[in-house]
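Peer 1: Here is what each chain is made of, one letter per residue.
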Amino acid sequence: MATQTQTQRLGGLVPGDGPILPDVMRSELTKFRSVRSTYATLAAAFVAVAALGPVQCALYASKYPNVSPHDKAKFSPAPLSLNGIVLAQLAIGVLGVLLISSEYTTGLIRATLAAVPQRRTVLAAKAIVFTLATLTVSEIACFIAFFAGQAFLSHKHLETHIGDPGVLRAVIGGGLYLAVLGLLALGIGTAIRHSAGAIATLFGILFVLPGIVGALPQEWQNTISQYLPGNAGQQIFAVHIKQYTLQPWAGLGVFCIYAAIALAAGAVLLTRRDA
Amino acid sequence: MIEIRNLTKRFGDTVAVDDISFDVVPGRVTGFLGPNGSGKSTTMRMIMGLDWPTSGTVTVNERPYEGLRRPLFEVGALLDANAVHGGRNAYNHLLSLAQSNGIPRGRVDEVIERVGLESVARKRAGGFSLGMSQRLGIAAALLGDPGVMLFDEPVNGLDPEGIRWIRKLLRSFAAEGRTILISSHLMSEMALTADHLIVIGRGRLIADTSVEAFIAQSTKSFVRVRSPQLDELAGAITAQGGSTRPEPDGALAVSGVQISAIGEVARNAGIALHELSPQVASLEEAFMELTRESVQFHAGADAAHTPAAVGQEG
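So the protein lines, in turn, are chains L and H. Per this note's numbering, the first sequence runs over residues 1 to 275. Per this note's numbering, the second sequence runs over residues 1001 to 1314.
Hints listed in this document are in silico derivations from the structure and should not be mistaken for laboratory results. Mixed in with the good hints there might be a few duds.
Stated by the list, open to error - Simulated coverage check for chain L against chain H, where a stretch passes if three residues somewhere in it have a Cβ under 8 Å from a Cβ of chain H:
#1 23-29
#2 101-108
Stated by the list, open to error - Partner residues aside, some chain H positions facing chain L, computed with beta carbon under 7 Å:
#3 D1013
#4 V1015
#5 D1019
#6 S1055
#7 L1079
#8 D1080
#9 A1083
#10 G1087
#11 N1092
#12 L1095
#13 S1096
#14 L1097
#15 S1100
#16 N1101
#17 D1145
Ideal Cβ placement from N, Cα and C applies to all residues, glycine included.
All chains, full assembly: derive it from the sequences and hints.
Peer 2: Here is the structure:
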């Protein structure tokens, strides 16, 4: 058609010809920072990590003279100060799911995919923006939690130091765990699309699955339990490696594989299904 | 330019769109008509690369939608005015869409002004009335100043002033040489806005024609005649091959002969005429007639399904 070019470009706005990923990331960042729920959930995760562990450290230090030998044997100063991660993962998990499921709930996904028909790029941009945000928030929170917690423990000379073996890795690892957990949640949310179903699936995998495995014969538990997503991932902020658990980086690696599988499944379904 | 070829979409056992082919060409407003559940929205989603066709092809500017990079520069669409995160304000909603295609920030302010949402641009979209949401959706479609625009029920929820506004807007876009496809169930609105009509019923293409031709082919168009010698006139017209039927007010409805022929028949027979007026069927009547036929045809072949129960929301 002779008029083709003319009808395509009427207004003098000219599209760029560079890669689209940076544009889509900018768009996803705008979406991410322009709803209140983002700040509410990230703040909840931050407070959970930065406050819960130090409080537990203070309580432990104050009741230390009465602590049973059994509990003393289990005590590990760095992980205790990072205990808030267990609570923060609820917030990060919900945020990761909502990042995409809310677009399906509102119908916004159609506007998103009409603007960017390269669907895998949309998912990649969401994953990058979300990971940068969760990593920043949770790393800061983990370092605050560690130093505050150790400060409380130091009253009873129970503290550990950032330079002690495995401690720096555990503190950094706490933030890594939460970031990867967010990606697992995003993958599940993309695959399932419904907020409630995806959140139930995520927490089922993290909290219910270990209970089910716990009902198996002990030998089976010893083999299987260490490969469950939560158990494997949380090794990265353990300092003393118990029997029948993975090494820290191996554990995080296994956790990353789960997240990668969830994201890959989400990407395939996102591409194949009607929006 | 939108080209649709042998497009079919099945949802399980239900055929929502059944082997339709048509072009939407630049420079005119093409109306997309059909009863609820006829497959209009499904077709529009397939044009936008949101739903995958079961078979057949759709191209926009000669490419499949998913092959477009930064498509907002070529295609703008309003598919669902409520498809907005309620907690995000209108400005940020538009900004995120603009950024995804590398459209400069200043353009967001321009389209907000164009649709008249300046005063509420920083308010949460969740509190918008349907009319405001429609304007926001239209603003999103305008972001890349595209040559192809699709609007699904654009006048829904607009007040009369808003309806006039969008009608003028669409007409001006077509006059600029853009390709405009609008669906609506408001036939009167379509009669005022569209130049060309695509009519579908139960997923099948019923008509692809100009608005004038669509109305003219309706049997609801007739000539009203009044005369003191009505019986004589009826006889003379029937002799010319026309058909007549009495109107409730004593006039005669004539169809099947030209209006000029009626006048000449009357003169030749020496019959006085008190009224000779063409009655053009409204688009709505023509539409009802045509889709009823298609519905009856299908109901005969497949009596178990009523049209209302079939397919996705149209």
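Peer 1: Can you give the numbers of the hints that this structure goes against, from lowest to highest?
Peer 2: When the structure is compared with the hints, numbers 3, 4, 5 and 6 turn out to be violated.
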